[in-house]
Amino acid sequence: GAVVSQHPSRVICKSGTSVKIECRSLDFQATTMFWYRQFPKQSLMLMATSNEGSKATYEQGVEKDKFLINHASLTLSTLTVTSAHPEDSSFYICSARDGTEYNSPLHFGNGTRLTVT
Amino acid sequence: EDKVVQSPLSLVVHEGDTVTLNCSYEVTNFRSLLWYKQEKKAPTFLFMLTSSGIEKKSGRLSSILDKKELSSILNITATQTGDSAIYLCAVVSNSGYALNFGKGTSLLVTP
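As you go down the protein sequences, you meet chains A and B in turn.
Going by this note's numbering, 44 is the number at position 44 of the first sequence; the sequence numbering is gapless.
Just remember that this note's numbering sits 117 ahead of the position in the second sequence, which is counted from 1.
Just chain B, with the same shape it has in the complex:
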């Protein structure tokens, strides 16, 4: 059975801090790993990673995949209150098109 495990489950930081969110996976025939941000409604897409070691970056957010360690990290630098959300990691495997989600990390950034 495919598994996606995120840590920590929740995190509280002050504005300006840097945070690192973790995602590890055990899937059959890994295809890609995706990060989403979920606020009140549906998840919004952040990054998709398919190759190990390549950093994807968008503003203050960045992510790297480590295929050897079967994991990925999502970094957020200079956090802002608007970064408060649930961050979801999901994996696509050869067993299907669908995304297999982790439980998410709930991030709260306080002023």
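Pulled out of the complex, with its shape left as it was, chain A reads as follows:
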């Protein structure tokens, strides 16, 4: 089945630094990838939709200058948390759809646990 690889799985960084998270589709091409954020005991909240070769679409309330998304190829999207602060500590998960149809399931990466000290 379709596999989405996310790296790193865990990162600890100091306040004010930037962190890059990579999301790769391993055996399929993904023109669109999605970035979610999950706080403890809460559901996944969509942050942005990453489109290959064009600008990402951000959900309301998500700062695009803080969460930089780059989708330079059909198999790779990156999320960079710039000038991270402790409140950015969270679980970030990327996902991608195998195929261009609405009705194909999303596959998720294993997530990145970000802790900002």
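If you are wondering where the hints come from, they were derived from the structure by calculation, not from laboratory data.
Please read all numbers here as calculations on a predicted model, not as lab measurements.
C-beta: ideal position from N, C-alpha, C; glycine also.
Do not rely on the hints blindly, as some may be mistaken.
[Claimed, not checked] What follows is a list of derived Cβ distance ranges for each label pair:
no.: 1; chain 1: A; residue 1: LEU74; chain 2: B; residue 2: PHE162; range: 13 to 23 Å
no.: 2; chain 1: A; residue 1: SER104; chain 2: B; residue 2: GLU156; range: 16 to 26 Å
no.: 3; chain 1: B; residue 1: ALA195; chain 2: A; residue 2: GLY16; range: 32 to 42 Å
no.: 4; chain 1: A; residue 1: GLN60; chain 2: B; residue 2: GLN197; range: 37 to 47 Å
no.: 5; chain 1: A; residue 1: LYS66; chain 2: B; residue 2: LYS185; range: 34 to 44 Å
no.: 6; chain 1: A; residue 1: ASN110; chain 2: B; residue 2: GLU118; range: 24 to 34 Å
no.: 7; chain 1: A; residue 1: CYS13; chain 2: B; residue 2: LYS185; range: 44 to 54 Å
no.: 8; chain 1: B; residue 1: ASP183; chain 2: A; residue 2: SER15; range: 43 to 53 Å
no.: 9; chain 1: B; residue 1: THR145; chain 2: A; residue 2: LEU74; range: 28 to 38 Å
no.: 10; chain 1: B; residue 1: GLU118; chain 2: A; residue 2: PRO40; range: 20 to 30 Å
For chain A, the structure is supplied; the task is to place chain B on it using the hints.
For chain B alone, coordinates are given in the frame of chain A:
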């Protein structure tokens, strides 16, 4: 604004029990409803439902969509401790590709 509501939010049962998890939705131009299981890391896909009344089944898990009632249920029979997880319901609408998730049901199966 699209809404996906799951109930109950948490549930504790004994091994061998049968559980029913609920998901209701209000979305513009519904396309499909999906169920995921989330343990420690990322959600894993269980079912996708697009047509009303058709039961999807995989082992002890099954799910049905009721488009008239704008809801779905996920049934787990003969529960095992390995079924302990958060079960997420998500809906795809015409407003975009992305999944709109409910808050999940946290299921704990005790020995």
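Tested hints:
1. LEU74/A - PHE162/B: 13 to 23 Å: 21 Å, holds
2. SER104/A - GLU156/B: 16 to 26 Å: With a Cβ separation near 23 Å, SER104/A and GLU156/B satisfy 16 to 26 Å, so the hint holds.
3. ALA195/B - GLY16/A: 32 to 42 Å: Violated, at about 52 Å.
4. GLN60/A - GLN197/B: 37 to 47 Å: 41 Å, holds
5. LYS66/A - LYS185/B: 34 to 44 Å: 43 Å, holds
6. ASN110/A - GLU118/B: 24 to 34 Å: Taking Cβ atoms as reference, ASN110/A and GLU118/B lie about 30 Å apart, which means the hint holds.
7. CYS13/A - LYS185/B: 44 to 54 Å: Holds, at about 50 Å.
8. ASP183/B - SER15/A: 43 to 53 Å: 48 Å, holds
9. THR145/B - LEU74/A: 28 to 38 Å: Because 29 Å falls inside the window, the suggested range holds.
10. GLU118/B - PRO40/A: 20 to 30 Å: Holds, at about 24 Å.
This entry does not satisfy hint 3, going by the numbered hints stated previously; all others are met.
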